[in-house]
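Colleague: Here are the chains, one letter per residue:
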Amino acid sequence: MTAYTATVTVRLKRGVLDPEAETTQQALERLGFDLSDLRSADRFEVDLDAADADEAADRAGEMAERLLANPTIHDYDVAVAER
Amino acid sequence: MTVAVVQFGGSNCDRDAVRALDHLGVDAERVWHGDGLPDDAEGIVLPGGFSYGDYLRAGAMAARAPIMEEVRAAADDGVPVLGVCNGAQIGSESGLTPGAFTTNASARFQCEPVHLRVERADTPWTAAYDEGDVIEVPIAHGEGRFEISEPAHADLVDDDRVLFRYCDPDGNVTEEANPNGSTDSVAGVLGERETVAVLMPHPERATLPDLGRSTDGAGILRAFA
Numbered sequence: 404m405t406a407y408t409a410t411v412t413v414r415l416k417r418g419v420l421d422p423e424a425e426t427t428q429q430a431l432e433r434l435g436f437d438l439s440d441l442r443s444a445d446r447f448e449v450d451l452d453a454a455d456a457d458e459a460a461d462r463a464g465e466m467a468e469r470l471l472a473n474p475t476i477h478d479y480d481v482a483v484a485e486r
Numbered sequence: 031m032t033v034a035v036v037q038f039g040g041s042n043c044d045r046d047a048v049r050a051l052d053h054l055g056v057d058a059e060r061v062w063h064g065d066g067l068p069d070d071a072e073g074i075v076l077p078g079g080f081s082y083g084d085y086l087r088a089g090a091m092a093a094r095a096p097i098m099e100e101v102r103a104a105a106d107d108g109v110p111v112l113g114v115c116n117g118a119q120i121g122s123e124s125g126l127t128p129g130a131f132t133t134n135a136s137a138r139f140q141c142e143p144v145h146l147r148v149e150r151a152d153t154p155w156t157a158a159y160d161e162g163d164v165i166e167v168p169i170a171h172g173e174g175r176f177e178i179s180e181p182a183h184a185d186l187v188d189d190d191r192v193l194f195r196y197c198d199p200d201g202n203v204t205e206e207a208n209p210n211g212s213t214d215s216v217a218g219v220l221g222e223r224e225t226v227a228v229l230m231p232h233p234e235r236a237t238l239p240d241l242g243r244s245t246d247g248a249g250i251l252r253a254f255a
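From first to last, the protein sequence lines stand for chains A and B. Just so we're aligned: the first sequence equals residues 404 to 486 in our numbering. Just so we're aligned: the second sequence equals residues 31 to 255 in our numbering.
Okay, chain B solo, but in the shape it has when bound (with noise of 0.2 Å):
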């Protein structure tokens, strides 16, 4: 499998994300926006950074670039796409998935470990955990706050497509271990197919074994496998 990871001005996590790939052995490779999507991308990876400067809104520009109509496209055809940070920015910002990710309660920008619950195990981004299992995953971002609207947080309950949720290292969610305020401590989310994922904190930070802390996040990455 070949996954794009779709480079826009201004990102700056998709070397790291073709990394922790390439790590676990996944053919992936930088795809510039302007280029368009290669016919051969059988996965997609929309990563972290700053696209547009964060300008009007983090993931607002991007998420109206060209490409995300083929990214849309293909994730209509089954083809597995995966938001990270700025990446689950634009994701939401284009409709990939519901909600919004908006200034983090703090008003401060956040870069720390935090603990995700994986609320569902059978998707292809949690096949390599169970249910209830806490994983460590960095975040890093000022916009992570998760926003909705209370009837669509209601049939995002109903519907089982919250995927991970912040907790503490026992797997309590609580308000304490929620980093951003976010709405129901959400971190992450599946779109209108379990092959859309968007989460704001970096898999690929929790991936090569000599970086940093854990290695939790490769699960995630697994999916591309």
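Next up, chain A with everything else stripped away, as it sits in the complex (with noise of 0.2 Å):
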């Protein structure tokens, strides 16, 4: 067995309104930045034991499935690295 983290990002699908990254990138505006788009995600970084990476990633992948991502609004990825 080997040790990985195994990263997942969740992000929402393009499309899908995202109020929380619009007042964000609003109060950087008030800031005096300048910006033309800003979108905000989740990331998970999962530490655990696998056979090889692919089997890391495949549980972390199930992971998303089952609860880390909505499958309605959310698209997601999973990164791999060894530990």
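Some hints here could point you the wrong way.
What the hints assert, rightly or not - Facing chain B, from chain A, some residues (calculated, C-beta under 7 Å):
#1 422
#2 423
#3 427
#4 473
#5 475
#6 476
Simulated from the structure, these hints should not be mistaken for lab results. Note that beta-carbon positions come from the ideal geometry of N, C-alpha and C, so glycine has one too.
Take each chain as given, in its own frame, and dock them per the hints.
Modeller: What follows is the structure, given as structure tokens:
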């Protein structure tokens, strides 16, 4: 078994309104920053032991499918690195 | 009929629901989720509140609590299930009903009376009304914007499973009368069975005559009578 950190990034699907990101962008603009757009995402770093990177990615992907993401509004991706 | 009002850590409308049902002569009791569903539950309410502190997404944790397997099995057996506010979020997160409830377009928590148009009167939840009736029921949520994919929305409409839409006092469904930016002004939907429904507004807060502006919500809870 090898120790991995699987990073699951969950973001809103393109086209789904993100009021929190809009509010954050407005606050940055009030501070004088110039930006064209801003998107927010949730990142989960999961430490786990697995036989190989593929198994670690599969398990993290299942976590996203079953809890971390809501398929109605979210896309997600998984990146795995040895810890 | 004994209605089980399922209490999660952070539920806060469970007592209101029991009291409103009592007022209508419906036997109801609060059930702690960890104790499981009573065998004699002939109806289920998933009440409002902030289960699990709204961590991750509103309703996400409660939707995956073990009692929800029992709720799903009971729903499949035809036991009426009503999700209100956080209960609606739990219902959609658990797949009992389609779509998702997410952050209001305003990005604010909104607590205000709204008008709803009854889109179907031939369900247990709306038998007290006529189709097209306008009822006044309050909302209190930060994550009530109904989101659904375009194909799933088309199915929802084709299957006539929209139960309530936000509207103005005259029953017109307009952008201005949509408090949270919900897709198609949807305020409440049916599950695969008509005995399963969720809605963001609070019927239990518009049932007792001495509590607020309206008792229009009583008709929804009469489904359990």
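Colleague: Work down the list of hints and note, for each, if the structure agrees.
Modeller: Hint by hint, here is what the structure shows:
1. 422: This interface hint holds because 4 Å falls under the 7 Å limit.
2. 423: holds (6 Å)
3. 427: violated (9 Å)
4. 473: Residue 473 of chain A check passes; min Cβ-Cβ to chain B is 5 Å, inside 7 Å.
5. 475: holds (4 Å)
6. 476: At 5 Å from the nearest chain B Cβ, residue 476 of chain A passes the 7 Å test, so the hint holds.
Hint compliance for this structure: hint 3 is the single one not met.
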